[in-house]
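The residues making up each chain are set out below.
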Amino acid sequence: MSGPAEPLTDFERQARGVLEESVRRIDARTRSKLNQARQAALAAAQPQQRSWLRSFTLMPAGAAAAAVLVALTLWYRQPGGESPLLEGQHTAVEDMDLLADSEGLDLMEGGDGSFYEWAVAQSDNAESEG
Amino acid sequence: MPAALLGDVDQTDSSAQSRTRALNQFLAGVELKAFKIAQAALRHEDDALDAVQDAMLQLARAYADRPAPEWKPLFYRILENRIRDLQRRRTVRGRVIAWLPLRGADDDEDPDPIAEAPSPEPQPLRRLEIEEAMGALEKALAGLPRRQQQAFLLRSLEGMDVAETAAAMGCSEGSVKTHYFRAVQALRAQLGEFYV
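Residue numbers (this note's numbering), protein chains in the order written: chain C, 3 to 132; chain A, 1106 to 1301.
Zero decoy hints are in this set.
DEER-style ranges, computed between Cβ atoms:
{"hint": "1", "chain 1": "C", "residue 1": "Ala66", "chain 2": "A", "residue 2": "Gly1275", "range": "48 to 58 angstroms"}
{"hint": "2", "chain 1": "C", "residue 1": "Val70", "chain 2": "A", "residue 2": "Asn1186", "range": "48 to 58 angstroms"}
{"hint": "3", "chain 1": "A", "residue 1": "Gly1275", "chain 2": "C", "residue 2": "Glu8", "range": "21 to 31 angstroms"}
{"hint": "4", "chain 1": "A", "residue 1": "Glu1175", "chain 2": "C", "residue 2": "Val70", "range": "40 to 50 angstroms"}
{"hint": "5", "chain 1": "C", "residue 1": "Ile28", "chain 2": "A", "residue 2": "Gly1248", "range": "18 to 28 angstroms"}
{"hint": "6", "chain 1": "A", "residue 1": "Ser1119", "chain 2": "C", "residue 2": "Asn37", "range": "16 to 26 angstroms"}
{"hint": "7", "chain 1": "A", "residue 1": "Cys1276", "chain 2": "C", "residue 2": "Glu8", "range": "14 to 24 angstroms"}
{"hint": "8", "chain 1": "C", "residue 1": "Glu8", "chain 2": "A", "residue 2": "Glu1243", "range": "20 to 30 angstroms"}
{"hint": "9", "chain 1": "C", "residue 1": "Ala68", "chain 2": "A", "residue 2": "Glu1175", "range": "35 to 45 angstroms"}
{"hint": "10", "chain 1": "C", "residue 1": "Trp77", "chain 2": "A", "residue 2": "Arg1171", "range": "47 to 57 angstroms"}
{"hint": "11", "chain 1": "C", "residue 1": "Ala68", "chain 2": "A", "residue 2": "Val1197", "range": "49 to 59 angstroms"}
{"hint": "12", "chain 1": "A", "residue 1": "Glu1243", "chain 2": "C", "residue 2": "Thr11", "range": "12 to 22 angstroms"}
If we take Cβ atoms under 8 angstroms as the criterion, some of the chain C residues that face chain A in the derived model are:
{"hint": "13", "residue": "Phe13"}
{"hint": "14", "residue": "Val20"}
{"hint": "15", "residue": "Ile28"}
{"hint": "16", "residue": "Thr32"}
{"hint": "17", "residue": "Ala46"}
Simulated from the structure, these hints should not be mistaken for laboratory data.
Just so it is clear, CB atoms sit at the ideal spot from N, CA and C, and this is done for glycine as well.
All chains should be modelled from the sequences, with the hints used to inform the complete structure.
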């Protein structure tokens, strides 16, 4: 910091010397309290930066935790360990059988539905007799 | 997380750390002088410590993100406001206490035996002279009008130039020169030209 441009008088120089000496002689208790006050001030300046940074630095850990949670949830919802994807594949195989069976396809396409009505009636009769 | 973003975080983190270091360095550099300035105005050690602590806290909370060269005038502006608050509070407290019964001698705090103990080191003559000079200067400073005292201490003790002092005092540079000149004249009249 630049001092005053005008040259100092002897009195000003002496006064400055005395003031600087009085600063040097500040006791240890006061120095310690000022140090504590400074640390408290620096800590007060920290929270804004910390909370902002924490949201970034903890992001990979948060993402990993979320992935584990999703995996566990899916696992426990399928006790047999069979995934919905595999179940879908099984259905697709049955559809392939039906399409490959030309007789079944004819029954579905050509008929007026009488065969299915007959099949349902047979099933109902068997249940009522049983 | 993308590498670029990680890089940004590292950069922000190191920028925040360097700012905290700079603030620590600044406060460490001004705290002792600020204490002396507050003590000269308040004539009370604990009040002076409170004023400096409050000024540090407010600077760190509200102005830490400002450019570092602005910190010093801001800090002393805040400190001056705190000194004024404490002086006002003390005036009110003094008026209230004036109406209360006098305290007995038993109510006084016990003196600290360590602080009261004489120093084993012999006091050199020069040391005594300087201590006398410090006492005389502090007494003379206490008798100055507040603005003169402030201008003199900011320039003489803190080493601020006229522009910085004007920013810290919230007045024009011309006013700073006037207050400083009058302070030097008054001090010289009381202490003499060569008082050390």
